[in-house]
Amino acid sequence: MVGRAKRILIVCGTAIATSTMVAMKVEDLLKKNGIKAEIRRALTSEARTASKDVDLIIATTQVQDVSVPVISGIPFITGIGVDKVEQEILSRLRDG
Amino acid sequence: MDAIKAIYDFITGFGPSVMMPIIITILGLILGAQFGRAIRAGITVGIGFIGINLVIGLLMGALGPVAQGMVQNWHVQLTYIDVGWPAQAAIAFGTKIGSVIFVVGILVNLIMLVFKLTKTVDVDLWNYWHWAMTGSLIYIATGSFVLGVIGSVIHAVYTLVIADLTAPTIQKYFKWPDLSISQGWATTSMIIIWPVLKLCDLLGIDKGAEATDESDLAKLRERIGILGEPVLIGLILGLIVGAMAFVPAGLSIKDLLTKILTTAMSMAATMLLMPRVVAILMEGLVPISDQARKFLQSRFAGREFYIGMDSALMIGDPLTLTVGFLLVPITLILAVILPGNHLLPFGDLAATPFFVCLATPMSRGRFWRTLISGTVVMIIIMYMGSIWSPLLTQAAKSVGYAFPEGTANIGGFANPLGWILVMISKLLFGK
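Quick mapping for you: the protein sequence lines, in order, are chains Y and Z. Heads up: the first sequence begins at 5 in the numbering used here, then just goes up one per residue. Heads up: the second sequence begins at 41 in the numbering used here, then just goes up one per residue.
I should point out that these hints are in silico values taken from the structure, not numbers from a laboratory. Among the clues, some could well be false.
As the list claims (entries may be wrong) - These stretches of chain Y come out as covered by chain Z in the derived footprint (C-beta under 8 Å, 3 or more residues): (1) 9 to 21; (2) 24 to 30; (3) 42 to 50; (4) 61 to 68; (5) 80 to 86.
Unchecked claim - Distance ranges between label pairs, derived from CB positions: (6) Z:Ala258 - Y:Asp32: 27 to 37 Å; (7) Y:Thr53 - Z:Phe469: 41 to 51 Å; (8) Y:Lys36 - Z:Gly342: 24 to 34 Å.
Glycine residues also receive a C-beta, built at the ideal position from the N, C-alpha and C atoms.
Put together the whole structure using the sequences plus the hints.
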């Protein structure tokens with residue numbers, strides 16, 4: 005995977021509301037940790053098509069029919085358990 | 041008091057693309073955001089408004105002649121074009137009621153928490169637009185700002201109460217921690233879903249059935265998954281309505297193809313662009329939402345409460361998604377065959393899972409119950425939408441959304457509770 009930035013797909017029910025919130029938080033997280041990654045957004049109903057060439061999905065809703073690791077983004081909205089999910093995202097991006 | 045009113049009238053007089061940035065900035069500062077962050081949030085919201093205006097212009101420009109052609113050739117009176125909930129949200133936030141909705145909503149929530157009338161801390165500010173819509177249409181129907189605010193308050197109180205009531209079932213079904221769904225549409229769908237499920241009980245539909253198996257649903261989705269891709273829905277629907285409108289006009293092949301394909305592309309474009317521009321508006325609301333969450337959570341720390349969330353969290357459920365896909369053709373067929381319907385479903389075809397998202401946990405994952413609930417919901421809110429769309433058009437005009445005069449008007453699916461409140465106000469206090 006050398007030479008290309010990681011791609012993260014943020015998935016929610018609308019590709020508008022909760023995914024925007026999560027995308028902004030993830031952008032901040034990446035910037036703080038000096039990680040370059042491309043962030044895309046999709047509806048959960050489009051997730052299967054949209055996830056073809058991404059490395060990680062962060063979703064605020066249930067995601068079906070995909071073969072990419074999925075992390076729950078709900079902590080970013082509730083504000084509870086943010087540290088844990090941030091660590092999980094970082095370790096995924098660093099290892100994978 | 042007069043001075044406050046004068047300042048308020050002065051600010052709202054600028055129109056939403058100027059008013060919203062000012063209001064969001066002030067609200068951000070009150071809730072304790074830094075000045076830079078607050079003003080950036082305000083400006084972003086304003087840009088979202090301007091973007092939405094452009095996309096509504098594109099949609100109405102493309103669909104105006106189409107609606108006219110369908111009326112002339114087929115006598116299909118679907119003259120109110122469903123602009124979809126994102127545009128409805130922008131209209132609702134842009135009105136005078138919308139300008140105070142965050143303050144009203146947070147106060148209602150705060151008061152109810154203090155008096156232990158709700159356990160839900162509704163941090164989903166985005167969805168305050170549903171309350172704003174109810175209030176805005178009451179304001180337009182009656183001319184009374186106070187009645188409008190009362191309508192929004194009733195809708196907000198109802199939302200928080202139903203969020204509490206549905207929370208245990210939802211948490212169990214989705215295996216969630218202390219969340220509730222305090223979204224102003226989903227909660228009102230319970231008015232329809234509860235009776236339908238009761239009726240299913242009486243008729244023995246899905247009786248004793250287990251939750252429908254995910255592998256069966258996956259097979260079904262495999263075949264109809266295309267209905268989950270808004271751009272393709274827009275394109276295909278554009279081809280169909282374009283052909284209906286322009287084929288009988290006797291144009292040359294080249295002109296005919298140009299018109300049909302342009303309609304299809306414009307509709308596909310709307311489906312992709314609308315969420316993008318509305319997301320800009322949302323981006324501006326994030327800092328405000330964050331501050332409101334911190335503000336409320338810090339005040340009620342240590343007490344047991346639910347965090348009120350957007351129903352978008354439930355949309356990915358396999359059953360909700362599958363039934364949502366099925367509702368796309370069902371809704372279109374219903375729109376054409378239901379007598380007296382004037383709403384042409386379009387924008388919300390990208391959001392059909394939302395209309396059944398509470399039916400799934402409430403029917404404990406049973407397919408037929410969810411599908412029947414969804415179909416009944418669509419029929420009712422389409423008729424309600426036909427009736428309230430003229431008010432919606434007026435609301436859109438009042439906030440300066442520009443679209444060509446003609447056969448086509450702005451329409452949308454109605455919120456069941458909002459509709460009832462608007463109709464009662466109109467009956468009792470109508471202009």
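For each hint, the structure was consulted:
A stretch counts as covered by a chain when three or more of its residues have a beta carbon under 8 Å from one of that chain; for the stretch 9 to 21 of chain Y and chain Z the count is 7, and the coverage holds. As drawn, the stretch 24 to 30 of chain Y meets chain Z at 3 residues by the rule of a beta-carbon pair under 8 Å; at three or more, the given contact holds. Proximity of the stretch 42 to 50 of chain Y to chain Z, defined as three or more residues with a beta carbon under 8 Å from a beta carbon of that chain, is established by the 5 residues found. Beta-carbon proximity to chain Z at under 8 Å applies to 6 residues in the stretch 61 to 68 of chain Y; the threshold of 3 is reached and the given coverage holds.
Against chain Z, the stretch 80 to 86 of chain Y contributes 4 residues with a C-beta closer than 8 Å to a partner C-beta. That satisfies the three-residue criterion, and the hint holds. For the pair Ala258 (chain Z) and Asp32 (chain Y), the beta carbons lie near 36 Å from each other, so the given range of 27 to 37 Å is met. For Thr53 (chain Y) and Phe469 (chain Z), the Cβ-Cβ distance of about 50 Å falls inside the hinted range of 41 to 51 Å, so the restraint holds. For Lys36 (chain Y) and Gly342 (chain Z), the hinted distance range of 24 to 34 Å is satisfied, since their beta carbons lie about 30 Å from each other.
Comparing the model with each earlier hint shows no violations; every hint is respected.
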